[in-house]
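**Q** Go by the hints and put chain B onto chain A.
Chains as they are written, first to last, in UniProt numbering: chain A, 1 to 160; chain B, 1 to 428.
Worth flagging that the hints you see were computed from the coordinates, not collected in a lab.
Hints are supplied without guarantee of correctness; some may be wrong.
To be verified - Per the computed footprint, the stretches of chain A lying under chain B, defined by three or more beta-carbons under 8 Å from a beta-carbon of chain B, are: (1) 13 to 24; (2) 60 to 74; (3) 93 to 106.
What the hints assert, rightly or not - In silico BS3-like cross-links for lysine-lysine, where the CA-CA straight-line distance does not exceed 30 Å: (4) K274/B / K70/A; (5) K374/B / K70/A; (6) K36/A / K218/B.
All C-beta atoms, glycine included, are put in the ideal place defined by N, C-alpha and C.
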Amino acid sequence: MQSDTQLLISVSEFLWYEADLLDHKSYQEWLQLWTKTGFYIVPAELDETDYLNSVNLAMDDDEMRQLRVKRLENGESVSAASVSGTIRMISRIRIVESSDDQVKVRLAMTLNEMRHGVLVTYPAEVEYTLNRSADGFKIEQKVVKLLHTESYLRTVSFIF
Amino acid sequence: MLEENNLSTACRAASMVEEGRIHKQLYSDEAIFEAELDKVFNSTWVFIGHESEVPEAGSYKTAWVGRQPVILSRDRKLQLHVLENRCRHRGATVCEKRKGKSKSFTCPYHGWGYGLDGSLRGLPKEEEYKGVFAKSDMSLVNLRHETYNGLVFATYKKDIEPLEDFLGGAKKWIDLFVKQGGGYPLKVLGEHRFNFPGNWKIQLENTTDAYHFPIVHKSFISSLDDQTADIFDFLDGEGFVEDLGNGHSVMVMIPELTDLEENLDEPIPERFQKLAEELRQEGVAEPEVKRLVRAAHGTGFNLNLFPNVSCSMAFFRVLRPVSVSETAIHHVALGGEGAPEAFNRKRIRLHEHFQGPMGFGTPDDGEAWERVQKGSIAGPDGWIMVNRGIKNLHQSPDNNPAGEVCSETGMRAAYQQYKKMMSSTEDK
Numbered sequence: 001m002q003s004d005t006q007l008l009i010s011v012s013e014f015l016w017y018e019a020d021l022l023d024h025k026s027y028q029e030w031l032q033l034w035t036k037t038g039f040y041i042v043p044a045e046l047d048e049t050d051y052l053n054s055v056n057l058a059m060d061d062d063e064m065r066q067l068r069v070k071r072l073e074n075g076e077s078v079s080a081a082s083v084s085g086t087i088r089m090i091s092r093i094r095i096v097e098s099s100d101d102q103v104k105v106r107l108a109m110t111l112n113e114m115r116h117g118v119l120v121t122y123p124a125e126v127e128y129t130l131n132r133s134a135d136g137f138k139i140e141q142k143v144v145k146l147l148h149t150e151s152y153l154r155t156v157s158f159i160f
Numbered sequence: 001m002l003e004e005n006n007l008s009t010a011c012r013a014a015s016m017v018e019e020g021r022i023h024k025q026l027y028s029d030e031a032i033f034e035a036e037l038d039k040v041f042n043s044t045w046v047f048i049g050h051e052s053e054v055p056e057a058g059s060y061k062t063a064w065v066g067r068q069p070v071i072l073s074r075d076r077k078l079q080l081h082v083l084e085n086r087c088r089h090r091g092a093t094v095c096e097k098r099k100g101k102s103k104s105f106t107c108p109y110h111g112w113g114y115g116l117d118g119s120l121r122g123l124p125k126e127e128e129y130k131g132v133f134a135k136s137d138m139s140l141v142n143l144r145h146e147t148y149n150g151l152v153f154a155t156y157k158k159d160i161e162p163l164e165d166f167l168g169g170a171k172k173w174i175d176l177f178v179k180q181g182g183g184y185p186l187k188v189l190g191e192h193r194f195n196f197p198g199n200w201k202i203q204l205e206n207t208t209d210a211y212h213f214p215i216v217h218k219s220f221i222s223s224l225d226d227q228t229a230d231i232f233d234f235l236d237g238e239g240f241v242e243d244l245g246n247g248h249s250v251m252v253m254i255p256e257l258t259d260l261e262e263n264l265d266e267p268i269p270e271r272f273q274k275l276a277e278e279l280r281q282e283g284v285a286e287p288e289v290k291r292l293v294r295a296a297h298g299t300g301f302n303l304n305l306f307p308n309v310s311c312s313m314a315f316f317r318v319l320r321p322v323s324v325s326e327t328a329i330h331h332v333a334l335g336g337e338g339a340p341e342a343f344n345r346k347r348i349r350l351h352e353h354f355q356g357p358m359g360f361g362t363p364d365d366g367e368a369w370e371r372v373q374k375g376s377i378a379g380p381d382g383w384i385m386v387n388r389g390i391k392n393l394h395q396s397p398d399n400n401p402a403g404e405v406c407s408e409t410g411m412r413a414a415y416q417q418y419k420k421m422m423s424s425t426e427d428k
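The following block holds chain A by itself, in its conformation from the complex (with noise of 0.2 Å):
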């Protein structure tokens, strides 16, 4: 293994600043960390790949995340109105592959919400594909791959 210590810590540096965004429902500067393209994905079956044709807890092209944002931030919804809040703990970040215009990251995350007086703990592998651009990484894709996926998840009113 080849170690490369300045992409590692370029890399945390943003997935940190993303998690940090999620936990504080920063969503409009969350919006802004994706590429046009990109796709955020919460898979329902672990072992599935072909995501577009397949049923997804999320699959939220960019339109898609800007309807999720709102919905959270609009005051409709009851159950977002009743997340009290969320911290997320991210580690075992490992550079997956890493060219001139792309770098794919994989990581270990558990986030806690504390629901209704109730902790719920929610661990997860988390898949990223960033794009280098002139001003730091953009997500093309980000694949949260949450082990409640093989049994039964709570309602989920926020992001991963």
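**A** Coordinates of chain B only, in the frame set by chain A:
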């Protein structure tokens, strides 16, 4: 003794169902929940799945009758079987996967192997059973099962009426529901799985509750284009809820989407223009484009089949009682077997938009259901009201009682069936 207790508990539960209200204790009394498993789930036809979920010889999926694990399998002669998921030796489950393909089911404990039809095929050190039992007596327990238009049901009640008689007035609506394959056989495309901390009957009520839609699903409606949002503005429309007998009911929200093979000449709505264009590019001729686009919507009604499935507009919503205060739900997405990819893809995207634990609709439903469970604990006494529209009934063309689209006619139908079953003294 247990049976006796269940009987008196069941009678107590039955007395908590009145014509227009049910006692709140029906959501939280553990003894009543145990009695329900026996008197309701073990005593009727329970939805297991759709035939397309086990398409080939060797296909299987695991499912439940009430709390009991079963396997739906298809054998080499393509016959379906519903098997208890319990080894006849020491009781271990013989299959833990949600779905798959296999030639047999093997118990992990001592290696007993069963065929897809449940027959015991082989076991290690068989000679020790010589003179003890015949292998043919030790098959996995087969449940009686029947299929209607692709929907598979099973039952523990041996002398129950045929499935078609049980479905009765609901059959016509199943026939309409399966038309959303767009001219292709209906096919399961995938599913969402989630649970909520509440009683199963809260979910049973929800799929025949149009009244909540503009309130709970305001954020979903806001995410639609104006034309589609108008379609979902149905409370003042011509819709209705009809009691179909045996606890079944249909809630027609969008009457113009009752029969998806009618009105095929209507212009393609804005929201489906892109789909129509994709279909044309796939080489689909214009009449079929129109038929597929119309089917892509799904139907404009929810058909509630007592006790555990709703054919809900464009998908199956299957409930499973886990405990008195926990219910698991599967939202099963549907499309057409062999239909153009663009059609099935659009159906999947529409499913994801509203349904499932991360959809724009379901999380708000889940919040409301959870609140019902929590709130219903308040006070030593209290009732859940299901009397909306009870004085404004009319007779449907099929001579059934029907109310306005946002009436609670369907809930009353389900609860009267529940009452009948809970007060039954009949042996299984």
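**Q** Evaluate each hint against the coordinates.
**A** So, going through the hints one by one against the coordinates:
1. 13 to 24: violated (count 0)
2. 60 to 74: With 6 residues in contact (Cβ-Cβ under 8 Å with chain B), the coverage given for the region 60 to 74 of chain A holds.
3. 93 to 106: violated (count 0)
4. K274/B / K70/A: Distance ~23 Å between K274/B and K70/A Cα, so the pair holds.
5. K374/B / K70/A: holds, 29 Å
6. K36/A / K218/B: holds, 27 Å
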